[in-house]
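Trainee: Chains as they are written, first to last, in our numbering: chain A, 1 to 342; chain B, 1 to 301.
Be aware that one or more of the hints could be misleading.
Some chain B residues close to chain A (C-beta under 10 angstroms, calculated; not the full set) [said to hold, decoys possible]:
{"id": "1", "residue": "Lys47"}
{"id": "2", "residue": "Arg54"}
{"id": "3", "residue": "Arg99"}
{"id": "4", "residue": "Val149"}
{"id": "5", "residue": "Asp212"}
{"id": "6", "residue": "Tyr215"}
Hint data in this document are derived by calculation from the structure and do not stem from the laboratory. Think of the CB as a built atom: it goes at the ideal place given N, C-alpha and C, for glycine as much as any other residue.
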Amino acid sequence: MYYVELLRIIRGLRVVGIILGIIFLIAIVFRLIFLQGGSPDSWVRHAQLSPGAHVTTRHLANGLTRTIVDDPADRTHVVVDDRGYSGKHITIIEPSDVAQSQNRHGVISMGSMNVTKSISNGMSRIDFETNSKENLATLFMAAMPIALIFATIIACALARENDGHLELAWTKPVSRDAYALSVMGLDLAGIAVTVLASVVVFLITTMFFELPRLYLDAGGAGLIALVFTVPMAWYALLTAASASLRRGYGAVIGTAWPVAFIIPALIGLFESHSGSSVAAAIVATLRTVNTLNPIAIYFNHFGRTGEMSLIPGGVGASIVGSIVLLVVYVALAVLQWRRVEA
Amino acid sequence: MSTISIRHLSKSYGAFLAVNDVSIDIPSGCVFGLLGPNGAGKTTTFKCMLGLARPSSGEVLYGDRPLAPATFEDLTYVPERSVLYEWMTIRDHLELQRRSYARYNPNRAADLLALFGLDARKRVRSTSKGMRTALAIVLAFSIEPKILVLDEPTSGLDPVNQRAVLKLIIDAAAGGTTVIFSSHQIGQVERAAEHIAIMQNGGLVLTGSVDDLKYEQKIVEGIFETDGFSTNGFGGDARISRVEKTGRILRLTVRRDSDSIASDLNGMGAQSVRVVDLNLEDIFLNAVDPSQQTADVVEGA
Numbered sequence: 001m002y003y004v005e006l007l008r009i010i011r012g013l014r015v016v017g018i019i020l021g022i023i024f025l026i027a028i029v030f031r032l033i034f035l036q037g038g039s040p041d042s043w044v045r046h047a048q049l050s051p052g053a054h055v056t057t058r059h060l061a062n063g064l065t066r067t068i069v070d071d072p073a074d075r076t077h078v079v080v081d082d083r084g085y086s087g088k089h090i091t092i093i094e095p096s097d098v099a100q101s102q103n104r105h106g107v108i109s110m111g112s113m114n115v116t117k118s119i120s121n122g123m124s125r126i127d128f129e130t131n132s133k134e135n136l137a138t139l140f141m142a143a144m145p146i147a148l149i150f151a152t153i154i155a156c157a158l159a160r161e162n163d164g165h166l167e168l169a170w171t172k173p174v175s176r177d178a179y180a181l182s183v184m185g186l187d188l189a190g191i192a193v194t195v196l197a198s199v200v201v202f203l204i205t206t207m208f209f210e211l212p213r214l215y216l217d218a219g220g221a222g223l224i225a226l227v228f229t230v231p232m233a234w235y236a237l238l239t240a241a242s243a244s245l246r247r248g249y250g251a252v253i254g255t256a257w258p259v260a261f262i263i264p265a266l267i268g269l270f271e272s273h274s275g276s277s278v279a280a281a282i283v284a285t286l287r288t289v290n291t292l293n294p295i296a297i298y299f300n301h302f303g304r305t306g307e308m309s310l311i312p313g314g315v316g317a318s319i320v321g322s323i324v325l326l327v328v329y330v331a332l333a334v335l336q337w338r339r340v341e342a
Numbered sequence: 001m002s003t004i005s006i007r008h009l010s011k012s013y014g015a016f017l018a019v020n021d022v023s024i025d026i027p028s029g030c031v032f033g034l035l036g037p038n039g040a041g042k043t044t045t046f047k048c049m050l051g052l053a054r055p056s057s058g059e060v061l062y063g064d065r066p067l068a069p070a071t072f073e074d075l076t077y078v079p080e081r082s083v084l085y086e087w088m089t090i091r092d093h094l095e096l097q098r099r100s101y102a103r104y105n106p107n108r109a110a111d112l113l114a115l116f117g118l119d120a121r122k123r124v125r126s127t128s129k130g131m132r133t134a135l136a137i138v139l140a141f142s143i144e145p146k147i148l149v150l151d152e153p154t155s156g157l158d159p160v161n162q163r164a165v166l167k168l169i170i171d172a173a174a175g176g177t178t179v180i181f182s183s184h185q186i187g188q189v190e191r192a193a194e195h196i197a198i199m200q201n202g203g204l205v206l207t208g209s210v211d212d213l214k215y216e217q218k219i220v221e222g223i224f225e226t227d228g229f230s231t232n233g234f235g236g237d238a239r240i241s242r243v244e245k246t247g248r249i250l251r252l253t254v255r256r257d258s259d260s261i262a263s264d265l266n267g268m269g270a271q272s273v274r275v276v277d278l279n280l281e282d283i284f285l286n287a288v289d290p291s292q293q294t295a296d297v298v299e300g301a
């Protein structure tokens, strides 16, 4: 009965597969670059092999294995604290290429790896913290853009039927409501599959570099829930907006993304004119409109309480808000689907 | 017993009345032809029958019940234009039928594919109009329905496949299926249909069994020595619905007493007189537009 939608989902998942495949290939390329000497471990091994290097290894009382590499000739000092499965802390101090007069400081975090680099008085200090604990929600949040892309690809399912196929869709032994709900239910399941598939790929990609030490707390669980509900609500929004259209659903898809990002940008623009009553009225209007936007709700949890929409900040409110939008949009889509005629 | 009863069906789009108070009873197990010029309201009638469009008034009953989702277990519809999914293959469409209908018969589908020479691996977008029509026919007949609604089912088909579709329709009816179809090719309707309804401007102008309609009216044709014969008197004759004079030929469409009228022509000095049955095209043209006749109409009732 819903075979057509199943085929559409499979086509959409192929696009997801291509995106994830590209990410996978990029990860392999990065891993190969690391193998060729870019990793902290390889750098330490290289330092240990230097003719002037003096290496000492001790087992500390707290379970750490500390390796110190001193190379007076190169003015290099390396300390490696090996915590076993819990990763390593590596400190490398060496002369810098940067002029003595310049001081710099920078931090880069990539997954479970954290790199801090500072340059002072012609010497550079780099601290690598590897395999630090990572919230499982981070992997899910990385899957959010892909889930949104997939939701957009398969959205407007009812309008696609209305584009010349109603005579096939509506002459099946099933009611219109059941048909619409089943089609949307399948699509929502497809979104869930996309999220999970993306997380699996990201997990494997992470494991190219190190075994991740994942943990999950209540906040993380809430974020994971949002990663499912927000793309689903986004899908439902596009489907509801197009359910009674025959050919204009492409325009709905095409304009949805710009609108979803232009409104928050306009809010930011007019908020900067906080003294103006006109600007305040515009911001209030835009915030109200933006409340209908599930993507805006997702950004609520980052703490910009009430700035982007009327839904209060916080993960809990965002989850409830996105679920309410999902249910309302699905209901609106079904109501319009009932009214359509072939 | 009627399988389908259409009662006082009307459908308007804004101010435009597409179907106007149409009532038709379609007997069970028959082939029913719905005829009418373009824009007569045939497709809209079908859509209202199948719940694809909401009637403005009236009702359609299947047996004694209104249309319900379960009705489609035993009913399929082939619309006038292709509604197939262009990006799907022919096999995908068959799989859709298999998953949708309990009555789907894969062997029947395979036979029909072979009959029309369709390659199941082909995508619909790479098929011709005729192949799409053929696929729609395959899909409809593969579920072995009890009711078939076909809107221009031979559109785009070559003569060989048109004949094949007609045979399928007749065979299906012989097996107890009620077939309702529309066609602009009146010869096809005449060959297959037992009952017809003729629509024009949204209204029903004629309905009945093809045999009865043919029996009711005859053409009496007389050929005279010169064209100087008089047609006076025929115009007021209640037995005659149309009088046409073309040169030496007098052609009378009569409602009854065709033999008596033939004798009258003999009495007028006609060189030869013959009584012929009306064909469906004559019945159709008489019903929808008398001006379509090629001969000069000199008098009419």
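Trainee: Hints first: check each against the structure and report whether it holds.
Mentor: Here is how each hint holds up against the structure:
Against a cut-off of 10 angstroms between C-beta atoms, the interface hint on B:Lys47 holds, since the closest Cβ of chain A lies about 6 angstroms away. Of the supplied interface hints, the one on B:Arg54 holds, with its beta-carbon coming within about 6 angstroms of a beta-carbon of chain A, less than 10 angstroms. A hinted interface residue such as B:Arg99 counts as satisfied when its beta carbon comes closer than 10 angstroms to some beta carbon of chain A; here the least separation is about 5 angstroms, so the hint holds. For B:Val149, the interface hint holds, since its Cβ comes within 10 angstroms of a Cβ in chain A; the closest pair sits about 9 angstroms apart.
Evaluation of the B:Asp212 hint against chain A yields a violated restraint, the C-beta minimum of about 32 angstroms exceeding 10 angstroms. With 10 angstroms as the threshold, the beta carbon of B:Tyr215 stays out of range of chain A, its nearest partner Cβ sitting at about 36 angstroms, so the hint is violated.
The structure fails to meet hints 5, 6 from the earlier list, while all remaining hints are met.
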